[in-house]
Amino acid sequence: MAVSSVQARTEAFFAERKAESNDRLRKVLIGIVVVSLYPILDQWLGFGLLGSLIPILMYALLAMGLNIVVGYAGLLDIGYVAFFIIGAYAQAFLTSPNSFFIRQGLVPGFVQNFWVAMLFSWVLAAIFGVLIGAPTLRLRGDYLAIVTLGFSEIVPDFFTNAAGITGGPRGIGQIAKPPAIPLPGDRSISFSSTDHVSWFYLLLAVGVLTLFMVTRLYDSRMGRAWQAIREDEIAAASMGIPPVSTKLWAFALGASFAGFAGSVYSGYVQSVYPDQFQFSLSILVLSMVILGGIGNIYGVLAGALIIGSFDRILAVKLTIPLNALGRQMESWPGIFGDLGSFFATHSLTADRFLIFGLALVLVMILRPGGLFPSKQRAAEMKGDDDNFEFDDYETNQTVRSARRKEA
Amino acid sequence: MNWTLFFQMVIIGIATGSLIALIALGYTLVYGIVELINFAHGEVFMLGAFFAGTVIGLTGVTSENSTIQIIGTLLLALLACMVFSAVLNAFIDRVAYRRLRNAPRLAPLIAAIGFSFILQNIAIYWKGPNPLIAPKILPREFTQYNILKEWAIFGGYFDDKFIRFMAKDVLVIGITIPLLIGMSWFVYRTRIGTAMRATAQDREAAALMGIDINRTIQVAFLIGGALAGAAGMVALIYNNSARFNMGFQYGLFAFTAAVLGGIGNLTGAVVGGLLIGLIWAMSDGWMPTVVPGWGAQWTNTVIFSILVLVLIFRPAGLFGKATTEKV
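Taken in order, these protein sequences are the chains called D and H. For the record, in the first sequence the residue sitting at position 19 is 19 according to our numbering, with numbers rising by one throughout. Position in the second sequence (first residue = 1) + 407 = our numbering.
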């Protein structure tokens with residue numbers, strides 16, 4: 001009797017989880033279909049926003065990668081842009097005819113293809129992730145953050161200063177774009193910087209691939225080990241999870257996705273130079289992860305969409321009505337007039353980092369789990385025991401149903 | 408070996424080093440008591456420099472005025488900057504960090520990073536993105552006054568060459584040292600200072616002894632901010648300019664100094680500050696004459712490498728005691 005009741009409950013539990021995951025899969029598929037239909041809508045309604053969506057998709061790639069490090073493994077990396085640079089420069093070194101390594105004849109011909117070089121850049125970024133992570137991951141969380149920051153200052157400095165190899169401040173140009181895909185007939189899909197539609201679909205494909213890999217990683221044994229380490233490193237280590245190598249995997253995989261994004265980016269803009277990559281980019285991506293919902297991949301995607309669209313679209317578009325409003329207000333009395341003359345010439349693009357900084361501070365104070373929190377992570381970041389789980393299944397069920405009634 | 412240049416750089420290094428020490432003390436005081444890397448500290452310093460420019464500008468005193476008036480204005484600006492930055496630092500603690508005392512350690516750090524960006528943007532609104540030029544308050548006779556030459560130390564020359572040991576360098580050191588003495592008197596000799604040290608050692612035990620923890624932490628932020636404000640004013644006078652993003656570099660260099668000396672250790676922060684100042688000056692000025700291909704563009708790399716290497720190999724710094732993480 002008792003055995004069968006336990007069995008029934010276990011089965012019910014797993015059935016519920018399966019239903020949940022099916023439901024989620026359905027939503028994700030619908031989301032992908034909707035996004036992939038967007039270029040048609042854009043053309044139809046004449047928005048002309050496709051070009052701005054491409055950087056937003058790249059932000060989404062970066063945010064998904066950073067989410068592995070910050071969200072899943074709980075390691076604060078504020079120098080994430082370093083790996084993006086490494087990926088971008090690796091792509092440039094492997095495919096640009098101006099590159100030092102190609103001129104020396106060190107790069108075999110088949111690697112000089114966009115897709116092959118992309119795989120190499122991916123792996124290279126992961127290797128750098130290991131090189132930087134291995135000595136530093138023993139450090140405490142806040143020290144680790146500062147080390148990643150220091151490293152992300154050193155990397156662009158190196159690319160600026162080692163001009164003999166890297167082209168110095170002017171960087172490397174003529175980076176290979178993806179080879180055109182021939183279609184039946186005389187047409188083909190080409191990837192020059194103005195082919196927004198083909199780049200959109202390429203990035204969407206890369207993004208879906210990344211999303212798939214990241215979610216699979218999260219549900220894997222490694223993903224569970226990350227969560228365990230994040231929640232309580234000592235307890236996890238006592239259970240036989242090696243803390244350093246588990247963290248190292250998170251760091252290297254996070255780095256690899258940044259390298260991946262970097263290589264695609266460098267194929268898109270076709271020239272890289274150190275000034276493109278600044279500390280503020282790390283913070284931009286970090287604020288996407290934190291605003292969207294630290295640890296929740298869909299929240300992170302939403303964060304990338306919100307912050308990316310502000311950064312790339314809204315800041316520019318909203319400046320026009322703001323300036324118009326300012327011109328109207330200029331004739332008003334007192335402080336409104338002053339405010340009006342400020343608004344009349346003010347560009348919202350200058351407010352970007354004020355807004356991202358505010359996002360970081362406000363999320364931490366008001367909603368530590370982000371806008372779309374992962375339940376688990378929200379409870380941890382809040383630092384209290386509201387979501388405490390009892391050792392006993394029965395009690396947990398009672399508590400859960402009580403909570404459900406409350407809500 | 409160019410000894411003239413070497414000693415020239417030692418002088419510059421000590422002057423900038425004492426500036427960095429002032430900022431580093433703010434990091435170390437706050438870290439010692441709440442274990443938070445106050446990422447916005449560099450920006451508090453930068454806003455202090457901006458505020459100094461405004462205050463001196465408001466008084467309308469220029470190099471034309473009498474010596475007494477100039478000294479009075481400088482002292483007034485110093486005091487105003489210290490109060491301004493102290494209040495700003497304590498304000499940030501009050502609105503953000505205090506609410507996050509019981510959250511995981513990364514939460515206040517993320518909030519601090521956010522604040523650092525907010526303050527930079529406020530600085531741009533305030534003074535614009537271009538460098539702010541310091542008001543001309545020091546008379547030309549003072550800024551051009553070379554102590555070695557005027558006082559004929561080494562006959563005015565060293566090795567038959569010209570070393571500039573300017574009155575401005577002495578001014579920087581002269582403002583820094585009394586501040587350092589005052590601060591260590593405060594921390595080691597007053598009741599609140601003792602409370603601060605007790606709180607740093609064991610917050611709960613200190614609370615049980617009747618120490619008001621929040622107030623004590625606030626005092627640490629106030630002192631750290633005041634020192635950063637003083638450093639801001641000194642930096643404005645010494646460099647003749649200030650810019651909205653200077654807090655980032657100075658802040659990170661000062662943090663490196665604090666880590667190098669052993670974070671939480673006051674003496675360590677001062678020694679670390681001087682060392683970082685010397686390394687900075689040497690790498691900028693002297694190394695290019697010794698190492699072929701070296702240049703000032705490598706300075707950031709050197710200092711950040713020091714930061715990374717110290718954190719990896721000797722996280723307790725030069726003066727700190729190695730501690731194990733409490734379970």
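Accuracy of the hints is not assured; some may be wrong.
[Unchecked claim] Away from chain H, derived, C-beta distances all over 10 Å, residues of chain D:
hint, residue
1, T10
2, A12
3, I78
4, T136
5, R140
6, F158
7, T160
8, P178
9, P184
10, F279
11, N323
12, A359
[Said to hold, decoys possible] Some chain D residues near chain H, calculated using beta-carbon distances under 10 Å:
hint, residue
13, I30
14, V33
15, S36
16, G141
17, L281
18, L286
19, S287
20, I335
21, D338
22, F353
23, I355
24, L362
25, K375
[Said to hold, decoys possible] Each pair of labels, with its calculated beta carbon distance range:
hint, chain 1, residue 1, chain 2, residue 2, range
26, H, P536, D, N113, 21 to 31 Å
27, D, Q376, H, V494, 32 to 42 Å
28, D, G109, H, N537, 32 to 42 Å
Keep in mind that the hints were calculated from the coordinates and are not lab data. Cβ coordinates follow ideal geometry from the N, Cα and C atoms, glycine included.
Verification of the hints:
No Cβ of chain H comes within 10 Å of the Cβ of T10 of chain D; the nearest lies about 33 Å off, and the non-interface call holds. With a closest Cβ-Cβ approach of about 34 Å to chain H, A12 of chain D is found to remain outside the 10 Å limit, as its non-interface label requires. Distance check on I78 of chain D: its Cβ comes as close as 7 Å (rounded) to a Cβ of chain H, failing to clear the 10 Å threshold; non-interface status is violated. Non-interface status of T136 of chain D relative to chain H is broken: a Cβ of that chain comes within 10 Å, the nearest being about 6 Å off.
Against the 10 Å criterion, R140 of chain D falls within the reach of chain H, whose nearest CB is about 7 Å from its own CB. Residue-level check failed: F158 of chain D sits 7 Å from the nearest beta carbon of chain H, not beyond 10 Å. The beta carbon of T160 of chain D sits about 7 Å from the closest Cβ of chain H, which is not more than 10 Å, so the claim that it is off the interface is violated. A cut-off of 10 Å between C-beta atoms confirms that P178 of chain D is not in contact with chain H; the least separation is 34 Å.
No Cβ of chain H comes within 10 Å of the Cβ of P184 of chain D; the nearest lies about 52 Å off, and the non-interface call holds. For F279 of chain D, the shortest C-beta to C-beta distance to chain H comes to about 7 Å, within the 10 Å cut-off, and the non-interface label is violated. Annotated as non-interface, N323 of chain D keeps its C-beta farther than 10 Å from every C-beta of chain H; the closest such distance is 17 Å. Its beta-carbon lying about 7 Å from the closest one in chain H, A359 of chain D breaks the requirement of being farther than 10 Å from that chain.
The interface hint given for I30 of chain D is violated, since its Cβ lies 33 Å from the closest Cβ of chain H, which is over the 10 Å cut-off. With a least beta-carbon distance of about 35 Å to chain H, the hint placing V33 of chain D at the interface is violated under the 10 Å criterion. With its C-beta approaching chain H no nearer than about 34 Å, S36 of chain D sits outside the 10 Å limit, and its interface hint is violated. This hint holds: G141 of chain D has a C-beta 6 Å from the nearest C-beta of chain H, less than the 10 Å allowed.
Hint status for L281 of chain D relative to chain H: violated, with the closest Cβ pair at about 12 Å, above 10 Å. With 10 Å as the threshold, the beta carbon of L286 of chain D comes within range of chain H, its nearest partner Cβ sitting at about 8 Å, so the hint holds. With 10 Å as the threshold, the beta carbon of S287 of chain D comes within range of chain H, its nearest partner Cβ sitting at about 8 Å, so the hint holds. With a cut of 10 Å, the hint placing I335 of chain D at the interface with chain H is violated, because the nearest CB-to-CB distance is about 16 Å.
Taking 10 Å as the C-beta cut-off, the interface hint given for D338 of chain D is violated, the closest approach to chain H being about 13 Å. Here the hint on F353 of chain D is kept, as its CB sits about 4 Å from the closest CB of chain H, short of 10 Å. For I355 of chain D, the interface hint holds, the least distance from its beta-carbon to any beta-carbon of chain H being 9 Å, beneath 10 Å. A least Cβ separation of about 8 Å between L362 of chain D and chain H falls short of the 10 Å threshold, and the interface hint therefore holds.
This hint is violated: K375 of chain D has a C-beta 16 Å from the nearest C-beta of chain H, more than the 10 Å allowed. Between P536 of chain H and N113 of chain D, the C-beta spacing of about 42 Å breaks the proposed range 21 to 31 Å. Judged by the Cβ atoms, the range 32 to 42 Å given for Q376 of chain D and V494 of chain H holds: they are separated by roughly 39 Å. Look at G109 of chain D against N537 of chain H: about 49 Å separates their beta carbons, and that is not inside 32 to 42 Å.
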